[in-house]
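Engineer: Okay, here's what each chain looks like letter by letter:
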Amino acid sequence: MEQARKARRSFMGKALAMGAGAIAAGQATRARAAEGDPAILELPEHTRGLGRPVAERPYGLPSQWEANLQRRESPGLTRVPQASVSFTPLQGLFGIITPSGLHFERHHQGWWDIDPSKHRLMVHGLVKRSRVFTMDELMRLPSVSRIHFIECGANSAPEWGNVALPTVQYTHGMVSCSEFTGVLLSTLLDMCGIDRKTAKFVLAEGADGSSMTRTIAIERALDDCIVAWGMNGEMLRPENGYPLRLVVPGVQGVSWVKYLRRIEVGDQKWATKDEAVHYIDLMPDGTHRQYTGIQECKSVITTPSGGQMLLDKGFYNVSGLAWSGRGRIQRVDVSVDGGRNWRTARLEGPVLDKALARFNIDWVWDGKPAILQSRAIDSTGYVQPKINQLRAVRGTRSIYHQNAIQSWRVAESGEVFNVQVY
Amino acid sequence: MTRRFIFAALVLAAGGAFAQSKPWDHIGREATPAEIKAWDIDVRPDFKGLPKGSGSVALGEKVWEAQCASCHGSFGESNEVFTPIVGGTTKADIETGRVKNLVLGSNFPQRTTLMKVATVSTLWDYINRAMPWNAPKTLKTDEVYGVLAYILNMGDIVPADFTLSDQNIAEVQKRMPNRNGMAFHEPLWKADGKGDVKNVACMKDCPTEAQVRSSLPDFARDAHGNILEQNRVVGPVRGADTTKPPVKAPLGSAPRPAAVVAAAAPLPAAGGVDVKALLAANGCTACHGVSNKIVGPGFTEILARHKGRADLESYLTQKIRNGGSGVFGAVPMPPQPQLKEGDAQAIARWIAAGPR
Chain W
1 MEQARKARRS
11 FMGKALAMGA
21 GAIAAGQATR
31 ARAAEGDPAI
41 LELPEHTRGL
51 GRPVAERPYG
61 LPSQWEANLQ
71 RRESPGLTRV
81 PQASVSFTPL
91 QGLFGIITPS
101 GLHFERHHQG
111 WWDIDPSKHR
121 LMVHGLVKRS
131 RVFTMDELMR
141 LPSVSRIHFI
151 ECGANSAPEW
161 GNVALPTVQY
171 THGMVSCSEF
181 TGVLLSTLLD
191 MCGIDRKTAK
201 FVLAEGADGS
211 SMTRTIAIER
221 ALDDCIVAWG
231 MNGEMLRPEN
241 GYPLRLVVPG
251 VQGVSWVKYL
261 RRIEVGDQKW
271 ATKDEAVHYI
281 DLMPDGTHRQ
291 YTGIQECKSV
301 ITTPSGGQML
311 LDKGFYNVSG
321 LAWSGRGRIQ
331 RVDVSVDGGR
341 NWRTARLEGP
351 VLDKALARFN
361 IDWVWDGKPA
371 ILQSRAIDST
381 GYVQPKINQL
391 RAVRGTRSIY
401 HQNAIQSWRV
411 AESGEVFNVQ
421 VY
Chain G
423 MTRRFIFAAL
433 VLAAGGAFAQ
443 SKPWDHIGRE
453 ATPAEIKAWD
463 IDVRPDFKGL
473 PKGSGSVALG
483 EKVWEAQCAS
493 CHGSFGESNE
503 VFTPIVGGTT
513 KADIETGRVK
523 NLVLGSNFPQ
533 RTTLMKVATV
543 STLWDYINRA
553 MPWNAPKTLK
563 TDEVYGVLAY
573 ILNMGDIVPA
583 DFTLSDQNIA
593 EVQKRMPNRN
603 GMAFHEPLWK
613 ADGKGDVKNV
623 ACMKDCPTEA
633 QVRSSLPDFA
643 RDAHGNILEQ
653 NRVVGPVRGA
663 DTTKPPVKAP
673 LGSAPRPAAV
683 VAAAAPLPAA
693 GGVDVKALLA
703 ANGCTACHGV
713 SNKIVGPGFT
723 EILARHKGRA
733 DLESYLTQKI
743 RNGGSGVFGA
753 VPMPPQPQLK
763 EGDAQAIARW
773 IAAGPR
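Here the protein sequences come in this chain order: W and G.
Going by the numbering used here, 253 is the number at position 253 of the first sequence; the sequence numbering is gapless.
Basically the numbering used here = 1-based index in the second sequence + 422.
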């Protein structure tokens with residue numbers, strides 16, 4: 001947390017709090033000014049002086065006023081920061097792209113900033129020609145650029161049993177969406193002469209301390225998997241796998257192996273630790289579902305949402321996100337009365353396959369209590385379920401695949417609370 | 423004779439055509455057998471990839487106490503740092519291959535590794551690739567066999583005098599407590615699978631009680647920090663000040679809380695080492711609190727124990743890097759080879775100065 005703050009906000013000081021206080025004070029003064037708004041009548045400093053020079057910041061940073069939007073940890077979630085999560089501040093984002101510096105993190109044995117000249121990718125196994133590629137070589141290959149969401153399988157996990165978290169940052173913040181650029185995995189497999197008769201699965205392996213491995217179905221590997229170096233128009237961030245990672249659209253984030261170093265083509269599943277000890281779903285009968293990588297359709301309202309306060313009665317553009325690992329979002333409905341009545345929201349566009357979609361809808365708040373919910377439907381016709389419907393099938397101990405309708409209660413005070421409603 | 427040459431030429435031409443089917447096909451180079459061997463460390467449930475070797479429970483115990491117990495406890499039972507490895511399984515489970523404590527209704531409070539894992543190959547593979555946690559891939563093959571044998575013995579899967587090897591591991595597989603506890607659910611493996619949880623997109627007068635069934639208690643309001651400082655200072659909403667009780671009065675009847683921008687944590691003195699960051703980055707805080715014991719003693723407890731030493735700083739520096747045991751309880755501290763001398767010294771100096 002301290003490190004992230006310093007890296008992102010090293011230019012800040014406590015004076016900012018006073019400055020922000022001045023905003024509020026200014027607002028209070030506005031109503032009393034007989035001749036007009038002081039923000040207009042009194043020319044501000046930025047109108048009466050010379051601004052800052054070019055290249056003062058060779059890499060542009062967010063405004064100092066945006067410092068509140070940061071990745072954050074959920075206190076007590078894990079004991080060691082190298083095997084933990086930082087959550088994306090969904091409550092403050094717009095559109096469908098997550099800024100690279102706010103993309104959620106999930107590490108099992110910490111992250112590294114790897115010298116790209118020393119990184120290698122090996123492809124071997126049931127192929128005619130086992131190959132080694134340098135980063136230089138991979139980046140010469142024909143590339144694709146696609147926008148996809150990535151979601152940790154455990155996103156919203158603490159809410160399986162009951163409300164545990166205050167805001168959307170912590171309930172849903174293990175999802176992000178980026179444009180990824182790289183070479184299709186199918187291109188590499190073809191270059192190596194994959195044996196299509198016997199090849200059934202590939203194993204992806206990372207170069208970090210845990211050398212994370214995951215089994216991927218050959219149909220997925222040959223369909224839309226990308227061996228990616230680019231993210232939102234620049235190289236991947238180190239926390240997101242620089243210089244190379246696997247993109248497995250629609251599949252749990254744990255399969256998107258970071259610091260990708262090896263692809264092995266095989267004819268059996270590997271039952272790796274992260275598909276045999278974790279990322280297995282405990283059912284009421286005591287069995288675990290295994291190899292459940294697909295992320296089902298889900299949505300959440302991000303504004304107004306938990307921990308926020310409405311400033312006034314009247315019109316609000318209720319806004320949120322929807323996504324499906326099986327395809328694109330077809331429709332999102334919104335309820336303001338806890339699910340009794342629904343209206344269909346606008347989809348802002350673009351609406352892409354296995355990417356976040358942004359929806360919004362008009363709402364006029366009359367100052368009375370309300371319960372806001374969104375419900376997404378994807379291109380397969382699947383309708384996002386209520387939490388009680390999920391529990392009826394899977395119990396409360398599944399951990400993963402918590403894609404329930406999210407409820408936010410708006411109190412008369414204007415404060416919004418996380419609740420479970422059905 | 424001529425016909426044979428013509429045929430050979432055709433074969434070569436066909437091969438050439440295939441080899442040049444894409445202009446980028448020449449990029450990259452052949453992997454050498456030594457390279458593949460260096461990286462191809464995975465072990466499958468059918469034990470493809472498992473190296474030859476063996477290790478006894480006794481060897482495993484020795485390695486365990488030196489390298490594993492600080493996080494996992496002497497008997498694999500600890501939940502201080504990671505979820506526990508051992509516990510929750512019974513002899514009956516070993517017979518049936520199903521863990522009774524995983525069935526809904528059990529009041530066993532944990533889900534240990536041995537309760538969940540169905541395939542012993544998973545454990546071999548993971549110990550080899552990822553352990554010890556702060557120095558992965560440093561165990562020798564026989565040490566991996568030994569550590570795994572020790573874990574299996576603690577779970578009563580193998581006896582205390584057992585030696586695990588590539589020759590007998592398949593027999594051990596037949597005794598894994600949860601070996602029959604995995605279900606393949608194809609609809610969540612296939613991208614075009616059908617969901618098993620159904621909902622209907624009702625639009626009007628839908629049958630729901632719309633009851634609030636669960637909410638966050640007020641005392642947990644600021645467990646994630648002040649939400650006022652986690653929302654933007656401009657726009658249609660502000661963060662609620664969760665350091666105060668929720669406002670009860672309707673909107674408009676109480677003053678609006680002022681928005682604030684979170685101040686950055688103060689930077690360490692110029693040129694100084696940020697010891698707190700060092701402690702976090704090296705995983706120290708997983709075992710040591712500032713003043714409280716977690717797995718090992720708190721830092722103030724360490725200072726209290728050694729306060730009189732003239733060589734305190736250098737003593738602590740070498741203890742931090744080399745590990746040790748016997749000073750505080752039975753759990754040894756593993757060596758920290760990844761820690762630079764200068765960094766260990768900075769931590770030692772910070773402890774000696776009275777940590778806070």
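Everything labelled a hint here was simulated from the structure, so no lab data went into it.
Virtual Cβ for every residue (Gly too), placed ideally from N, Cα, C.
It is possible that some hints are incorrect.
[What the hints assert, rightly or not] Per the computed footprint, the stretches of chain G lying under chain W, defined by three or more beta-carbons under 8 Å from a beta-carbon of chain W, are:
hint, segment
1, 461-472
2, 476-487
3, 584-595
4, 626-638
5, 648-661
6, 733-742
Engineer: Given that the segment 626-638 of chain G was listed as covered by chain W, double-check it with a C-beta distance under 8 Å for 3 or more residues.
Structural biologist: holds (count 12)
Engineer: Examine the segment 584-595 of chain G for residues whose CB is less than 8 Å from any CB of chain W, and state whether their number is three or more.
Structural biologist: violated (count 0)
Engineer: Residue count check for the segment 733-742 of chain G against chain W: does it reach three with CB-CB under 8 Å?
Structural biologist: The restraint on the segment 733-742 of chain G is violated, since only 0 of its residues have a Cβ under 8 Å from chain W and three are required.
Engineer: Residue count check for the segment 461-472 of chain G against chain W: does it reach three with CB-CB under 8 Å?
Structural biologist: Our answer is that it holds, as 8 residues pass the Cβ test (under 8 Å) against chain W, meeting three.
Engineer: Given that the segment 476-487 of chain G was listed as covered by chain W, double-check it with a C-beta distance under 8 Å for 3 or more residues.
Structural biologist: violated (count 0)
Engineer: Three residues minimum, CB to CB under 8 Å: does the segment 648-661 of chain G make the cut for coverage by chain W? Let me know.
Structural biologist: holds (count 12)
Violated hints for the displayed structure, listed by number in ascending order: 2, 3 and 6.
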